[in-house]
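Protein chains in written order, with my numbering: chain A, 54 to 629; chain B, 34 to 87.
The hints are simulated quantities; they were obtained by calculation from the structure and are not laboratory data.
Mixed in with the good hints there might be a few duds.
[Unchecked claim] Below, in silico cross-link-like pairs of lysine to any residue (SDA-like), each with a Cα-Cα straight-line distance of 20 Å or less:
no. : chain 1 : residue 1 : chain 2 : residue 2
1   : A       : Lys240    : B       : Gly37
2   : B       : Lys62     : A       : Leu374
3   : A       : Lys240    : B       : Leu61
4   : A       : Lys368    : A       : His535
5   : A       : Lys328    : B       : Ile36
6   : A       : Lys328    : B       : Gly37
7   : A       : Lys233    : A       : Leu374
8   : A       : Lys58     : A       : Gly126
9   : B       : Lys59     : A       : Lys328
10  : B       : Lys59     : A       : His535
Here's the letter readout for the chains.
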Amino acid sequence: MAVRKESWNTRIGVILAVAGSAVGLGNFLRFPGQAAQHGGGAFMIAYFVSLLILGLPICWAEWTMGRLGGRMGFNSCPGILNAITRHPAAKYLGVIGVVIPIIIYMYYVYIEAWCLGYAISFLRGEMNFNRVEDAAGHWGAFIGAGKDGDAFGFGWGEVGGYLIFVFILNFILIYRGLAKGIEWFCKFAMPTLILLALLVLVRVLTLGAPDANHPENSVSKGLGYLWNPNKIILEERVADGTAEAAWRQTALLLPDEYASLRETVEADPARRITKTTLLEKIQSPKVWLAAAGQIFFSLSVGFGIILTYASYLRKNDDVVLSGLAATSANEFCEVAMGGLITVTAGFVFLGIAGVAANSSTFDLGFKVLPLVFSEMPAGGLFGFLFFFLLFLAAVTSSLSMLQPGIAFVEEALDINRRQSVAILGVITAFGCAFVVYFSKDVKALDTLDFWVGTFLIYILATIQIIIFGWVLGIDKGFEEAHRGSAIRIPRFFGFIMKWICPAFLLLIFSTWVIKDVVGLGAGDPDYHILDLFGETANTTAWLSIGVIAIMFSFVAILVSRVKKYRAVYDQPLQES
Amino acid sequence: MTIGGWIVLLTSVGTVTVLFAWCIYKVLKTQGETERIHGVESENPDEKTARDHG
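Same shape as in the complex, but just chain A (with noise of 0.2 Å):
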């Protein structure tokens, strides 16, 4: 009896529906915030390294192991560690693969609400902003940040109908399949926001400097700011104290400017200079671990998503140049689109100190940016342009959070698309009304992306990376990944593969438990950490550990009753 499965069209929509997963908000807002503040050249050196001991490693793993388990019979991430380790602890390990992309969506289907709300208020001329705090009142009302509930709303100027707008298309698209929805979705959504990002990056680079009371806010200082390894900023007290806080940022300079300047700041008590080299900078273990997270959190890996995707390839189709393929559109849209528009453009509108003091990611996308465009000539037209690249980023990245929950439905209780698609769409829409209903101070948001989209995917890479270089091993690990490979991976990246990823990984981990859960050298841990143990706990972040909870456990329940997880223990490896 023929058996009907699931795959991909062609190689090009495999690559773009991976891109179009790790292509999303972090590379316009995230990293030009990132890089900026950790010393622009320190941390874009701090970031390629990162990118060759970290981000391909991790990505290549998941390539291969993905395919191989694919050829065993499995598309989920308990299924394909459970056939490729013979363990039955690694299906319960696997859990972290199905449970990591349903919650992200739970809340990132609500910020691509908030993004398409954007574009359209820009279209329809209603973004109109004198100030950040404008801005920022604007982006509270919009997303119900004043109280629990207050996203309900349904009018042009809430979130509400756009968010179930978005919910919508995204499981028509799930419906529809992996080539006639994800890849076909793909292949027209990634090169049209390469072209929209190109149509916002020639704006903003040809803006000059349009305030003349503010001649030194620039686009060629605004590019400093992100890029120049060594830097000397002038900053104004604005408060009593000797904490770093009672000083703003109020110009970059130049050293000719700095030459010319210097004598006087020196003579005056309320200004100073402060100069950070690029030697200083990369010693810096912040920046190695900003750098890190950055290329960690982009590329998409950890999520489970990519194990999915390449379980769905043929036997000898290439996985190594196609992890590379997607890696490098990833990198193009981060570096050379994001590392270019954002800050630039917030720098010439805002200068220096309204940049310094908003370069989070919802600070720079949802305050910044809209007083950027309301103030830019044409500005209606570019904001809509670029919240729309942001809305297709966002959707393309949404939709690959939903292929593991569904391959993972469809393989447990062995139902086909339709059911698997009702089940998660009824799974989602409760956890999508909870993130959003408690919308005060995008508290369940906050939350849930802190223990899900930060700790768990790093818990999630490093189980990866160890099942490839230490389970599956090195030799076999590039033996399977250069089946049908249209180039090969160095020999050099076995060493690294086997050793240095998976300690770099754990050294981000042992640093970040050391700084921020127990507070060491840093003060106070981590609010996250205070937000559930503190002496102020907040009930909000308590129900979004248990919403993590039920999940955990509802799939880890279907986990162990699925029999053909039990049978593959008797299977030699490569067979299917």
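Model the placement of chain B on the given structure of chain A, informed by the hints.
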């Protein structure tokens, strides 16, 4: 922007752009890239076993 800034910018942007262009070129020029029509393979398990081991 300083000269150092231009060097960092051009090196970083140049590296990712060249890598991306090379990957796309390499993918497109690889032989045997054929469109399957429906994105669903009909596989006979017996044929599959014979093919995989043959």
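Structure-based check of all given hints:
Taken as a hint, the Lys240/A and Gly37/B pair is broken in the structure, with Cα atoms around 38 Å apart against an allowance of 20 Å. Annotation: proposed proximity of Lys62/B to Leu374/A holds, straight-line Cα distance about 12 Å (limit 20 Å). At most 20 Å may separate the alpha-carbon atoms for a hinted pair to count; Lys240/A and Leu61/B meet this at roughly 14 Å. Proposed proximity of Lys368/A and His535/A is supported: the alpha carbons are some 11 Å apart, at most 20 Å.
With a C-alpha separation of about 17 Å, the suggested pair Lys328/A and Ile36/B falls inside the 20 Å cut-off, and the hint holds. The straight-line distance between the Cα atoms of Lys328/A and Gly37/B is roughly 15 Å, inside the 20 Å bound, and the hint therefore holds. Straight-line distance between C-alpha atoms of Lys233/A and Leu374/A comes to about 23 Å, which puts the hinted pair past the 20 Å bound. Our distance criterion of 20 Å between C-alpha atoms is met by Lys58/A and Gly126/A, whose separation comes to about 10 Å.
With a C-alpha separation of about 44 Å, the suggested pairing of Lys59/B with Lys328/A is violated against the 20 Å cut-off. At most 20 Å may separate the alpha-carbon atoms for a hinted pair to count; Lys59/B and His535/A meet this at roughly 16 Å.
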